[in-house]
Amino acid sequence: MIQFEHVSKHYDEGYDALKDVSFTLNTGELAFLTGHSGAGKSTLLKLVMLMEQPTAGHIQVGDQLLSHLTRNDIPYLRRSIGVVFQNHQLLFDRSVFDNVSLPLQICGYSPVDAARRVRAALDKVGLLNREKMNPRALSSGEQQRVGIARAIVHKPKVLLADEPTGNLDPELSEEIMRLFEQFNRVGTTVLIASHDLSLIRSMRHRMLTLKSGRLIADG
Amino acid sequence: MDKKRGAERVQPTREAPVAQPSAKRGAEHHKVDLKGHSESWLRNHSEVGKSALAKLLGTPVATVMTVAVLAIALTLPGFLFTVLSNVQNLTQGWEGETRLSLYLETSLSDEDADRFSRSLLMRDDIAAIDYISRSQGMLEFKKYSGFGDVLDAMSDNPLPAVVMLLPKSKNVADLGLMRAGLQALPEVNEAVLDLEWLQRLDAMLAVAKRAVFVLGVLLGLAVLLVIGNTIKMEIESRRDEIVISKLVGATDAWVRRPFLYTGVWYGLLGALSAWVIVQVAWLMLETPAQELAQLYRSQFQLSGLGFFGSFLLLFTSVLLGWIGAWTAVRRHLREIEPR
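Chains A and B are the protein sequences, given in the same order.
Add 9 to the 1-based position in the first sequence for this note's numbering, that's all there is to it.
Add 607 to the 1-based position in the second sequence for this note's numbering, that's all there is to it.
Okay, chain B solo, but in the shape it has when bound (with noise of 0.2 angstroms):
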């Protein structure tokens, strides 16, 4: 953080303009050794770290209303972001059942399309396949359409063979590529992918998941503000010891690391609100949402933020709240100069 320490500053001499050759900078009356120096830096930081602590739980109302407002502002888009993760989850499921129907041209005989669809088996982007044979549709259609005197009036079978195809891709846009290879395949008359509500979902989704973002960053940025004005008022408030600490020789950087690691603790302490809250509310959505996947008879489960996502928060939360110190101090530690 401050490259320049005490004892170990080298400085090249500079000739001095009046009589005074030996003339040197910085500062060499200084008591601390090299040794030492690390050891006293590493004391300073973990004794001001706790201090800081100990400064904001020794006034805990102030503290509770702050951390409140970061909780909540970093609850909102963490809440967001897992519940569009479980949204994905589940059609990710439902993508797994995507299938292809390939209706073979009428004009191809019983035989070849048999044939036809038992070379499909050999590819290796096709899991399974399921043939329809002409006469097999015939049947199926008359008993569940009701129309089966229609039909019978009819002296040809006007139904195709149908192949269904389940892919082993479950990338919408591979998707998408096979089923435009299959339609150009000479047997095939139509390939059909049972997809567009699933688009129409993903790109739904990809909405939601931008809007989240923005939501997100602006949350960010307001984080970034509360903690940024608390940390300005805190300085205010400790203009006097400012003032008489740079007069005594602190650096900029002594004076602005016990604002750095107040800023750093709103982030954690915000952080860890959050978390529990999200927490408590997946908890809470837990039952209901295994009452109704059950109804549905589907394996889905919910996931909360999970080890990555807690990671995340807390990462990005403390971050924020360093900025935002480091932007109130750069802003206001300069004007407190000792008059």
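So here's chain A without its partners, still in its complex pose (with noise of 0.2 angstroms):
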């Protein structure tokens, strides 16, 4: 699903964020990214986004070159990807359920279909009683449910987190983690960016570590 061939990102202040990296991500799968801040965990979930070019090599999303892909394409590349943030990203100026809701609205959903959606979301990551809050009024742990739900509300093929455990405790992180597992278990390939190791370890699933840009270790 997320093929990497011997990608390099070099940003012109001079410093390279990732060399050589290749690896891929099958269909249905589920992986942690790991390594030290600076190691490249975020400019490689940002490469699959295109919110940056890579200056070398080839990556593979679904079956879509983001070489080829033209300014024109990214919307509708990042319309199959879901994506979660450390800083969640929520919209604090609408409700919890338009926040869900944006991705759908984008794609052009009907209100009535996009509404059932936004519901099964919440559903699924316990907040459906939180609906017509403010996510400001919610707890960081609430918040960061509320920024998975939006991730997942149109079903994407691939989940890309970055951190989304960062500024939670260990028992919420780890509950955050057993939903990831959870859309896994259900197709979705994900792909999560994590610098809590002893939390990664403990779930086995595969790991691909990053050091100053390198992959050092996949498995």
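Keep in mind that the hints were calculated from the coordinates and are not lab data.
Hints are not guaranteed to be accurate.
As the list claims (entries may be wrong) - Derived EDC-like pairs: lysine to aspartate or glutamate, alpha-carbon spacing no greater than 20 angstroms straight-line: (1) A:K55 / B:E848; (2) A:K141 / B:E942; (3) B:K657 / A:D102; (4) B:K657 / A:D107; (5) A:K28 / B:D859; (6) B:K662 / A:D102; (7) B:K839 / B:D719; (8) B:K657 / B:E848; (9) B:K839 / B:E944; (10) A:K55 / A:D82; (11) B:K777 / B:E747; (12) B:K662 / A:D107; (13) A:K55 / B:D732; (14) A:K55 / B:D809; (15) B:K839 / B:D859; (16) A:K28 / A:D227.
Assembly of the complex is requested from the two constituent chains, each provided in isolation within its own frame, with the hints serving as guidance.
Here you go:
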């Protein structure tokens, strides 16, 4: 589902965020991406989302070769990917419901269909009773779960998460990770960047380890 | 607006340089079918239009301030244009009374002069003629000038016979040509068009028109800038929303749409306010203008913006709103990318 072939990313400021990274994440697989901060985890995820362009190498997501996509194709690529951010990126000027339904509005779902899907997504993350609230009124764990609901509401084939447990205590962290496992079980390909090594090790999934931009361990 | 939309897109398959020959472009994982698409597109437009208006009305003070600036900028040229068109209507009435005076050769006998004046009646560019014979002219001159004694002392009547013409054409250029043609006739000593002051007025009106036009363009530019700047600030304040929308797959057109609608609403609200101001101003002028016209026994009636003027005002303003928003969006939306 996600394939990197000799991908490098060099920034003009003069440092290499990624050096010759190659790996394949199969459809339905769940993997953790780990390494110290600055090792290139975020850059790797940004390349998948086409928030950045690689300096060398090829990336394929699904059956789309990213180097072939034009600027106008990027939104359609992003619709096939769900993303969860460390700082959850919620909009505080609207309700939880409206936050989660944003991807559906963008894809053009009818309001009835969208409402059904939003409730299903909120149900999955256990926040169905919070739909009318402003996300500001929620705890950080709940905010993160709203972010996850938004990422999966349009049933993307790929789910990316950048430090989804960054601000959470261990118990909440594990809860969040279990959620990702659930989505993986129904066939979503999941790639989670995290430096919470103890938690990741306990979950026994594939681990891609980055160090100074190089992939030093896979397995 | 956005030609490439979701499920409709059919893109040629390109060979991938890496081993996957089936690599495709565009997005196929899209759950909205073709029929649902135009429907959802329309729905999105009406929703975005409504919510843009609701946002404007949700911040009434800021909106009223902006709309007031737009209204003033639109009222000025709108009002001046109607002033000009009223003045033009008025002078057109005057031009209708333009006369051409033909001073005939004094050598012409009374019968010849009379025959000549009658022959003029056959021409189809002349509505009416008034023939004043030499003796008739003499009588009138004596009566009105007070030089009767002097004239009596003269053995010969020095006055020429005069034919006053009422031309059918009211066009200044046509009248000029007609005058030249009549002047060339052998019976005519001199043809005089009493038009010079009207021509001057016309020239002044032309200058005024150009001035109002320049002012209109400048104020139109101001409208453009005001709306552009307002939209720019709006974009800044909604930066998070834009970034997140782009991250979850919003197209440029989708992101642009609310701002374009905001611009159009501003244009429309500005134009409506300007329209009301101009109409109220004319209503206030109507009674004194009518009194003035009565004093001059004129049938002149003030006309406000009228249907065409109102349409032009609304259309121009909405267009300016849209263009202002578009330029702001073009300049600033590309800068806002998820990082």
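Does K662 (chain B) pair with D107 (chain A) here, judged by a C-alpha cut-off of 20 angstroms?
-> 16 angstroms, holds
For the pair we were handed, K777 (chain B) and E747 (chain B), check the Cα-Cα distance against 20 angstroms.
-> 29 angstroms, violated
Holds or violated: K28 (chain A) to D859 (chain B), with C-alpha atoms at most 20 angstroms apart | 32 angstroms, violated
K657 (chain B) paired with E848 (chain B) [C-alpha distance capped at 20 angstroms] = 18 angstroms, holds
Pair hint K55 (chain A) and D82 (chain A), alpha-carbon separation not exceeding 20 angstroms | Given that 20 angstroms is the threshold and the Cα spacing comes to 16 angstroms, the pair holds.
Holds or violated: K55 (chain A) to E848 (chain B), with C-alpha atoms at most 20 angstroms apart | Given pair K55 (chain A), E848 (chain B) holds - Cα atoms ~19 angstroms apart, limit 20 angstroms.
Can the restraint linking K839 (chain B) and D719 (chain B) be considered satisfied, given a maximum Cα separation of 20 angstroms?
-> 81 angstroms, violated
Hinted pair K55 (chain A) and D732 (chain B), Cα distance within 20 angstroms = 82 angstroms, violated
Are K657 (chain B) and D107 (chain A) close enough, with their CA atoms no more than 20 angstroms apart?
-> 16 angstroms, holds
Keeping to a limit of 20 angstroms between CA atoms, is the pair of K839 (chain B) and D859 (chain B) held or broken?
-> Given that 20 angstroms is the threshold and the Cα spacing comes to 16 angstroms, the pair holds.
Is K55 (chain A) within 20 angstroms of D809 (chain B), Cα to Cα?
-> Violated, at roughly 68 angstroms.
Is K662 (chain B) close enough to D102 (chain A), meaning Cα to Cα at most 20 angstroms?
-> 12 angstroms, holds
Going down the numbered hints, you'll see the structure goes against 2, 5, 7, 11, 13 and 14, while the others check out.
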